[in-house]
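Q: Sequence:
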Amino acid sequence: MSDKKAGRGRPCKYDEWLGGDGLLKIQGWARDGLSEEQIAHNMGIARFTLSEWKKKFPVLSDTIKKGKEVVDREVENAMLKRALGYDYEEVVQRPVIIDKETGETEMRVVQRVNKHVAPDVTAQIFWLKNRKPEEFRDKRDVELSGSVDLGSIIEKARGRADE
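Just so you know, the sequence shown maps onto residues 357 to 519 in the working numbering.
One thing to keep in mind: the hints can contain errors.
[As the list claims (entries may be wrong)] As a list, the in silico BS3-like pairs of lysine-lysine whose alpha-carbon atoms are at most 25 Å apart:
no.: 1; residue 1: K412; residue 2: K369
no.: 2; residue 1: K381; residue 2: K437
no.: 3; residue 1: K422; residue 2: K411
no.: 4; residue 1: K421; residue 2: K411
no.: 5; residue 1: K410; residue 2: K381
no.: 6; residue 1: K411; residue 2: K424
no.: 7; residue 1: K424; residue 2: K381
no.: 8; residue 1: K412; residue 2: K495
no.: 9; residue 1: K485; residue 2: K424
no.: 10; residue 1: K488; residue 2: K437
no.: 11; residue 1: K424; residue 2: K410
no.: 12; residue 1: K422; residue 2: K410
no.: 13; residue 1: K485; residue 2: K471
no.: 14; residue 1: K412; residue 2: K422
no.: 15; residue 1: K412; residue 2: K381
no.: 16; residue 1: K421; residue 2: K410
no.: 17; residue 1: K411; residue 2: K381
no.: 18; residue 1: K437; residue 2: K422
no.: 19; residue 1: K424; residue 2: K437
no.: 20; residue 1: K369; residue 2: K410
no.: 21; residue 1: K369; residue 2: K421
no.: 22; residue 1: K471; residue 2: K437
no.: 23; residue 1: K369; residue 2: K437
None of these hints come from the bench; they were simulated from the model. Just so you know, these numbers come straight off a predicted model, no measurement behind them.
Assemble the whole structure, with the sequences as input and the hints as a guide.
A: Structure (structure tokens):
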């Protein structure tokens, strides 16, 4: 590859990012949840430039996708955990004086409490709407067939009203 962009006269910046360390940094930023705008900023380029590089260099696009997959799975697992509810142990620590002369203290565990987080209905709804959209979407398409004889219905209604 040339060290200069065609007609611009300055070195190509993508060379430093397409190597092992550059791709590793980019994947790490994606894994940490940074947006592509933030990744571009960290690389010292515009968001548009990153988009163009992703089209031109599939390895860059794949690297960002791989990084995002990790954090997407973590969020998916956290949502499922929240939807189902879970138990955890709360550990309470308090400072305890270990030397009365110097006043030195250290944190010590004074209590352990088992707690339960109830299932979150909002997380359940979100999960089901996304995992089973045909069964749990808000709008349902219902098709009716047959005919309705409005004349006889109106006549019956008038007959009841006269009574």
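Q: Hint by hint, note whether the structure agrees.
A: Against the structure, the hints:
no. : hint           : verdict
1   : K412 with K369 : holds (14 Å)
2   : K381 with K437 : violated (30 Å)
3   : K422 with K411 : holds (16 Å)
4   : K421 with K411 : holds (13 Å)
5   : K410 with K381 : holds (15 Å)
6   : K411 with K424 : holds (17 Å)
7   : K424 with K381 : holds (13 Å)
8   : K412 with K495 : violated (41 Å)
9   : K485 with K424 : holds (22 Å)
10  : K488 with K437 : holds (18 Å)
11  : K424 with K410 : holds (15 Å)
12  : K422 with K410 : holds (13 Å)
13  : K485 with K471 : violated (29 Å)
14  : K412 with K422 : holds (18 Å)
15  : K412 with K381 : holds (19 Å)
16  : K421 with K410 : holds (11 Å)
17  : K411 with K381 : holds (19 Å)
18  : K437 with K422 : holds (23 Å)
19  : K424 with K437 : holds (20 Å)
20  : K369 with K410 : holds (14 Å)
21  : K369 with K421 : holds (21 Å)
22  : K471 with K437 : holds (15 Å)
23  : K369 with K437 : violated (43 Å)
The structure fails to meet hints 2, 8, 13 and 23 from the earlier list, while all remaining hints are met.
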